[in-house]
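Undergrad: Now for the letters of each chain:
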Amino acid sequence: MNAQLLLKLVGLAILLCVPLTGESFYTELIAKTLVLAIFAMSLDLLVGFTGLVSFGHAAYFGVAAYAVAQLSPKYEAASLWFVMPAAVGISALVALFVGLFVLRTKGIYFIMVTLAFAQLAFFVFHDTPLGGGSDGIYLNVKPTASIAGWMPFDLDNQTHLYYFILAMLVLVYLFLGRILQSPFGRVLVGIKSNEHRMQSMGYLTFRYKLAAFALAGGLGGIAGFLYAVVFGFVTPELLSWHQSGNVLLMVILGGMGNLVGAIAGAFVFTGMQEVFGTWSKHWQLIMGGVIVAAVLFLPGGLAAIPGRIKRSLQGGGSNE
Amino acid sequence: MSDNHNEALLVAKKITRRFGGLVANQDVCVDLIRGKVHVLLGPNGAGKSTCINMLSGDLPPSDGQILFMGKDITGLTAAQRSLVGIGRSYQRTNIFPKFTVLENVRLAAQSRNQQPWRIFSKAQEQKWALDKARACIEEAGLGKKVDWVSGVLSHGEQRQLEIAMVLATDAQVMLLDEPLAGMGSDESAKMVEVLKRLKPTRAILLVEHDMDAVFAVADTITVMVNGQVLESGPPAQIKASVAVQQAYLGSEDSFHV
Amino acid sequence: MDFASFLIQTLNSLQYGLLLFLVASGLTLVFGIMGIINLAHGSFYMIGAYLAFVLTSTTGSLFMAILLGVPLALIFGAFLEWALFSHLYKRDHLEQVLLTYGLILVFEELRSLLVGDEVHGIDIPAMFNGSIQLSEVLSYPVYRLVISAVCVVLAVALYFVIQRTRLGMMIRAGNHDRTMVEALGININMIYRVVFALGVALAALAGMLASPISSVFPNMGSQVLIISFVIVVIGGIGSVWGALAAALIVGFADTFGKVLLPELSGMVVYIVMAGVLLWRPEGIFKKG
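Chains as they are written, first to last, in the working numbering: chain A, 1 to 320; chain B, 1001 to 1257; chain C, 2001 to 2288.
Chain A with its partners taken away, still in its complex shape (with noise of 0.2 Å):
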């Protein structure tokens, strides 16, 4: 077995364990970055494997976060197993709608396209009775995932939710590692690299790039699904820029084209989060004011420094 594995056993077991604790404060912050996990993760196609810098995606998290409320009748449990695939099938599907104007354009413009049209959507959940309002909408009860009667499990349970959240990370993390190896991740990662290469080859790369797209957008849908779940209550917060400056913050403190990292970004995110908020309430301030420093002073990134620790320590030597 290689230590990368191991060490992903390792990682996998704790979270196993944290609902063991007892500790419902840390299990719901746990599982609150799981779901921020899964966002990023689903940005992490786009942005450490395809090349496509999205700055709007938050708009796919808070479409399917939407969606739930919006599906689910008022005062009893919507189905689990209709709810989920509808409101990850809507997010897909807008995503993939978006995707055939923002795909038109390139480099800077895509960054700034991107955000206009997640600000779009904001505003189309903030305006428009779709949305509630600036106030958002209750989610009164959860997606039951009874079957005819027989109920696997509660999503009403804690514990439940906790481990049904992390089954989709695993889920998640299992099927990305899967296509990123398949003849289309490959691609990706061409276009990634080359794209006008790709092109001369024969590849019509918008058609991957906007699958690709799509695809973030319905597994960032997974995760806007899980975050409604979770709160019970959705605002168009959810799809506001910060919310999508923040998922890409955690793509690239992870190091990009990385699902490790991903995760670990999330981790890092909430970690921060909380360790500056109890300092002060300005505690954005000092997040500002490391992100400014890392970029200046890091250049390549957080990412970078494990690679430069490891050249340091073996002296430079290998060049193969």
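Some hints could be false.
Said to hold, decoys possible - Examples of chain A residues lying across from chain B (beta carbon under 7 Å, computed): (1) Gly177; (2) Arg178; (3) Ile179; (4) Ser182; (5) Arg186; (6) Gly190; (7) Arg197; (8) Gln199; (9) Ser200; (10) Met201; (11) Gly202; (12) Leu204; (13) Phe276; (14) Ser280; (15) His282; (16) Gln284.
Since the hints were derived computationally from the structure, they do not count as laboratory data.
For each residue, glycine too, the CB sits at the ideal point set by N, CA and C.
Based on these hints, arrange chains B and C on the given structure of chain A.
TA: Showing chains B and C alone in chain A's frame:
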């Protein structure tokens, strides 16, 4: 169709490209015939790259028509042209520097049978693509470096890799932009052999400055000056042409004999 | 809609569009000339508005506030370029996004620490506090006309700077070919600093001018930033005149959208942008 050995695969009819007020190519006509190597000669800035870019679809022509096997392909993008069988290499090396040699060429091979919906199969288990990639790498003379990261290869080896990538796309028409640039004489000679081997079944357009190589492989030579065709014909005719002598071959700086 | 209210909405559209142009012109120049995406540009608008609030309460006059505030904004912009942005030119867009995103957090929190989170109003200067009667029931505030007039004067001044001066020549050249400008022996670092400072000052001035009518509130920069992005996308990166036309399009679309399609209010501008993307993905005024 392939039984016709003098079949014109790619025909450019009076293609013109303007950049604002500047005319980079004017009424250029090129015929690429299966089994023949067509060399494009000309001093720097004569418009050779613009011409090859229009043929490959990297640059839309402002005017004129491009036919592939009799069909009008003027409106097709580079990717679409690659899919019908027109492959190209680039003057400035254009590869995936972080991928291995094998992965570069495997991606090229995969383009012929993309199967994007098979998202749960492993690319590394697609034997046909791997086999084809290895064969093309061998053909281009890079057999010993299959598993090297392509970014660390020498310049000449990266040119060979480009050829392997074009080969892996089954291109019937190969547009090669200075494939010998920066190569040592050994490597050049090897590449000329590769070109000769490829020639019978394909139509090749070659932009090249190395005159030994040009006269070793050319069946037709087109000389361009200032974006226009000065003269086009068999090598003997070009050598004898007074106009070419005056405009191009005479000037010592651009004729490396 | 009768003629008088049509006229009012047209004037409002012009005023809003021209004000946005002040913000977007700096953004598009920084994009086009330096190749930098600056998410913190909206913060300069916010900083301008808060400067106006603080300086007006100390000096007692918005004129004095602007007179003091614009040079302060210029110095601040030159300082930021020197301290931060000059290190970003060779970095990729992602790092630029990251740093400028961090800056937004810093600016918003500093604003919260120094001035607080309350919404503040600023009085319209007494001299312009009247309105012009358009019909028996409708009138138009003079101050809005003043804003439009100031913006037009600035746009004309910008036109002369860019078309007629040596600095403008460098800006135009830098816009097209950075290495050529360097080859001519022109100090590109100085151009960058001046252009960046100018962009900051224009955005801050827009915030100051707008403060009496929009009031001064937290996060007022982000709304303006995103709308400015839309303007740059519509107008084409680096094109100042594209930005002017796009800002006016956005001003009209937003103002008339709110009147004619109130249920879509916030969205009209983005729908216009989506249409432009389908038609000309590089912006209406992008050459080539």
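Undergrad: Would the hint on Ser182 of chain A be counted as holding, given a Cβ-Cβ threshold of 7 Å to chain B?
TA: holds (5 Å)
Undergrad: When the nearest CB of chain B is found for Leu204 of chain A, is that gap smaller than 7 Å?
TA: holds (5 Å)
Undergrad: Regarding the hint that His282 of chain A lies at the interface with chain B, is the smallest CB-CB distance below 7 Å?
TA: His282 of chain A check fails; min Cβ-Cβ to chain B is 42 Å, beyond 7 Å.
Undergrad: Given Gly190 of chain A as an interface hint, is the shortest Cβ-Cβ distance to chain B below 7 Å?
TA: holds (5 Å)
Undergrad: Report holds or violated for the interface hint on Phe276 of chain A, using the least CB-CB distance to chain B and a cut-off of 7 Å.
TA: violated (36 Å)
Undergrad: Identify whether the interface hint at Met201 of chain A stands, where standing means a beta carbon of chain B within less than 7 Å of its own.
TA: Where the cut-off is 7 Å and the nearest Cβ of chain B is about 5 Å from Met201 of chain A, the hint holds.
Undergrad: With a cut-off of 7 Å, does the beta carbon of Arg186 of chain A approach a beta carbon of chain B closely enough for the hint to hold?
TA: holds (5 Å)
Undergrad: Double-check Gln284 of chain A for me: the hint is only fine if its C-beta lies closer than 7 Å to a C-beta in chain B.
TA: violated (36 Å)
Undergrad: With 7 Å as the cut and Cβ atoms as the points, is Arg197 of chain A at the interface with chain B?
TA: holds (5 Å)
Undergrad: So, Ile179 of chain A near chain B? Judge it on the closest CB pair being under 7 Å.
TA: holds (5 Å)
Undergrad: Answer holds if the nearest beta-carbon of chain B is closer than 7 Å to that of Ser200 of chain A; otherwise answer violated.
TA: At about 5 Å, which falls below the 7 Å cut-off, the nearest Cβ of chain B leaves the hint on Ser200 of chain A intact, so it holds.
Undergrad: Hint validation: Ser280 of chain A versus chain B, beta carbon distance must be below 7 Å. Holds or violated?
TA: violated (42 Å)
Comparing the model with each numbered hint stated earlier shows that hints 1, 13, 14, 15, 16 do not hold.
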